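K.L.:
Residue numbers (the numbering used here): 1 to 73.
Quick caveat, the hints were computed from the structure, so don't treat them as lab data. Don't take every hint at face value.
Distance windows between CB atoms, simulated [unchecked claim]: (1) N26 with E59: 34 to 42 Å; (2) V73 with W47: 16 to 24 Å; (3) L19 with S56: 36 to 44 Å; (4) V73 with N26: 16 to 24 Å; (5) Y55 with L18: 26 to 34 Å; (6) A58 with K25: 40 to 48 Å; (7) W47 with I16: 20 to 28 Å; (8) M27 with M1: 26 to 34 Å; (9) P36 with L61: 17 to 25 Å; (10) I33 with L61: 19 to 27 Å; (11) A31 with E59: 29 to 37 Å.
All values derive from a computational prediction rather than experimental measurement. Glycine included, C-beta positions come from ideal geometry on N, C-alpha and C.
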Amino acid sequence: MHTIMVVLGGFLLLVICLLAGRLTKNMAIAALIFIPIWLGAAAINMWIGVSRAGYSVAEELPVFLVVFAIPAV
1 MHTIMVVLGG FLLLVICLLA GRLTKNMAIA ALIFIPIWLG AAAINMWIGV
51 SRAGYSVAEE LPVFLVVFAI PAV
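Using the sequences and the hints given, assemble the complete structure.
P.N.:
Written out as structure tokens, the structure reads:
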């Protein structure tokens with residue numbers, strides 16, 4: 001459930017970035033801004049999974065890839 005909520009948060013961030021791009025008439029820049037922000041957010045989510053939830057990096061890495069890739073692609 002947590003993973004689904006994080007992915008939905010990624011889509012929300014994408015919509016916000018695209019709306020900002022539409023307002024500024026520069027969609028390419030909006031997409032370029034979204035990617036590093038979302039990469040950082042997905043990395044923070046992975047770090048929380050490792051440091052607080054007790055998962056290993058090997059367990060969290062596939063989840064990180066899914067969480068990052070679904071909204072980014």
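K.L.:
All the hints need checking, so say for each whether the structure fits it.
P.N.:
Hints versus structure:
1. Remark: the range hint 34 to 42 Å for N26 to E59 is upheld by a beta-carbon distance near 39 Å.
2. A C-beta distance of roughly 22 Å is found between V73 and W47, which places it inside the suggested range of 16 to 24 Å.
3. A hinted range of 36 to 44 Å for the beta carbons of L19 and S56 is consistent with their spacing of about 38 Å.
4. In this structure the supplied range 16 to 24 Å holds for V73 paired with N26, their Cβ-Cβ distance being about 21 Å.
5. At about 32 Å, the beta-carbon gap between Y55 and L18 stays in the expected band of 26 to 34 Å.
6. Roughly 44 Å separates the CB atoms of A58 and K25, a value that falls within the hinted 40 to 48 Å.
7. Our hint of 20 to 28 Å for W47 and I16 holds, since their Cβ atoms are close to 23 Å apart.
8. Against the hinted window of 26 to 34 Å, the Cβ-Cβ separation of M27 and M1 comes to about 32 Å, which satisfies the hint.
9. With their beta carbons about 19 Å apart, P36 and L61 fall inside the hinted range of 17 to 25 Å.
10. Range check, I33 to L61: Cβ separation about 25 Å, and the 19 to 27 Å hint holds.
11. Distance hint for A31 and E59: a CB-CB separation of about 30 Å, consistent with the stated range 29 to 37 Å.
Violation of the numbered hints given earlier is absent; every hint is satisfied by the structure.
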